[in-house]
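Undergrad: These are the residues of each chain, in order.
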Amino acid sequence: MKTILIVEDSATTRALIRAVIDELGDVETVEAASGFEALKVLPQQEYDLIITDINMPDINGLELISFVRSNQRYVHLPIIIVSTERSEEDKKRGMALGATNYVTKPFKSGELLEIIKKTIGL
Amino acid sequence: MKASKKEFIAEAEELLEESQRLILEVQDTYQSGLNPDTINALFRAMHTLKGVSGLFGVQGITTLSHALETLMDDVRLGKIEVTDGVVNFLFKNLDILKDITERVSQDSDEGDIATYLREIEVFRESLKGQVEGDSPLSLIDPSIMKVLSEYEEHRLKANLKDGKGIFLVKAVFPLETFDTSLEALTKKVKAGGELISTLPTSENVPDGSIGFNLMFSSVGQVEELQQALGYPLDMLVKPRAAKPVPVVVVESAAEAAVTTPQKPQDTHLKSTSTTVRVDIEKLDRILNTVGELTLAKGAVKRIGTELVELYGHNTLVYDIHKISQTLERRLAELQDQVLEIRMVPIGQIFTRLAQIVRRYSREVDKQIDLVLYGEDTELDKYLAEEIVDPLMHLIRNSIDHGIEHAEDRRKKGKKESGTVILRAYQKGNHVVIELKDDGAGIDVDKVRKKAIEKGLIQEGAVLTEKEVIDFIFAPGFSTKDVVSDISGRGVGMDVVKEKLSVLGGYAEVETKKDAGTTFMLTLPITLAIIKALIVRVGDERFAVPLTSMSETLIVEHKDIQTIEWKEVYYLRGEMLPMIRVSTFFKFPPLPTERSFAVVVGFGERKVGLLVDELYGQQEIVIKSLGEYLKKMRGFAGAAEIGKHEVILVLDIESLIDDSVVKLKGGAIYV
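Protein chains in written order, with the working numbering: chain A, 39 to 160; chain B, 1088 to 1757.
Treat the hints loosely; a few may be bogus.
As the list claims (entries may be wrong) - Derived DSSO-like pairs (lysine-lysine); straight-line CA-CA distance at most 27 Å: (1) K1093(B) to K1369(B); (2) K1277(B) to K78(A); (3) K143(A) to K1277(B).
Derived from the structure by calculation, the hints contain no laboratory data.
This one's a predicted model, so the numbers in the text were calculated from it and none came from an experiment.
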């Protein structure tokens, strides 16, 4: 059983990502509507993957990635960036900070599914 | 319309209204210093609209809001500078989105959006890259720079360009409580500057804690800021023009001093979690049910009274009396609560009107300052929506015919820009909306001439100035150089008046040459259930809404005098015009010596209605007379009272109108 944390401020996009993950079967999801909420749920359990947006109010995705990578407990936790085509520059920065992969919004469900599988080795 | 679509329309309208408020804010502040949060909120509103419309498959709105989102993104990243042109362009596109939303709500096609889309793209491309200027980012530690998003980097650059200082505050909080502590710190930081980035960290932080590096800009001094925040501080870049700025958490006292308070902004998508959106029709249905229960309650009460007469005071009778009282109280509560749900602050429609003023004044090239008062005044949602168009007509009229061009104003010794004041306040059971301009005023002589031309009065008729001016409300009374034909739309003041009458309100006007005109619209706070006085005229019973009456009198017919063809009665030394309701409805006259007078109307429009008998007060639910009888003058509707008896409700406004004109000039307009 794997657990994935979805960090995304749009409820619609969160639901879409969850629907894709549900296709994987035995995977649990936890959702956070901002980087701030992610910080709250992060220590509460072990995760196998974080899927995060970049542009969010309060703490953004880059800051979240930076935090995760600087913390011994999460340093190996894979991260997938899900961001719009407009945030090309932000995506590059995210990858430089240590994100594992990225998907561009709007995405096809198969595309995200493939990247998740590849990232967590399913 | 399907429920899901209704939901979409409601949400889209809300977002568009919010966008409108934000664009107005941008317009007001871009020259004096734009709040980046406003631009960001506008960007997010478009982003959300795109998401919502995409979800509901409304393709045109999705595409357009996407294009506007991209435009706003360039604005918030500083790639496009805000100018008057940008603001106007945003307003224009907001109208287009509103228009499409309206079409979707009426189940018609979204229409072709290709032209609009191209326009947005061309507009965006034409402005991009006009802003230049990089700032010394090398002053900032690269480890900080790399976690900034493009937007945050832009904000950092913009602040450096403005010569603001850049500071870094480090705070460590226990994991369990970090959310409230960080929120409090963020609030303090925002009070003294602009928060650019919040970077969580676990470096040099004990177990069970979390650290935060907050980067912010400010013009304050290190010591001051440190004291205000209560945490150690690093100054990354020194402010260029260092001037002390008090760093305090803004409290309500400061906000109270502002005449047009802005609602606190919340860019989080989760903000409406405790709000339920309800279709007003559903509330109408509840009110109808309450109305019917009110009738049932009346029946219980009546039975109680009859039982007393039949059996005297015994325990059962006492019980039914008690139950009837409880029923009455609880029903009144229920009714109040439902009515309260329907209330909205009038500020909602003021925002829309403000936009009209700004845009229209630009169209006709007049500079106008709009001042708003009493935006918190509450009004029934239905009434608020119904009154917004009449108000818009009046405002356009003020700008068209009231406010003079700058040159003329200068000649008259007035300040060049005209002032339009919109003020709302509660007055008893009514809400008064005042629209005041400092323009040229209405030309009384022109109105009189026109009224004679139209045959509304005879030449030489003796009328007060106020009575003459009231003719602007007469049907078909429109003259380009006086008032009324608003912007060539063929909509006259009579429509405004009629609308108000339908809503149970009335319009008044005051004007003074070269000083300006004030329109006062008085509306009941709510429709639906009202208290009414039941009266008898001849063999008929009528209901008179209590909201329009002030007192009742017993009048001896010999005390009624005739002055200038008008029947009047001296009430406490003041002349009160009398209207015989029986004459009005052409009932056969009854030989009586005294009658009752119901005093109705307000101010100069106060009259006494002569009726034969008063029966007492009752709560009534006014029902429409239906299409067939709608055109009949004198009635506001019908109501059921007790034992399935239906009576007509008098429309006080039209009674006053018709009588005043019939008595005055001899001619009649209907």
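Undergrad: For this structure, which hints from the list above don't hold up?
TA: 3
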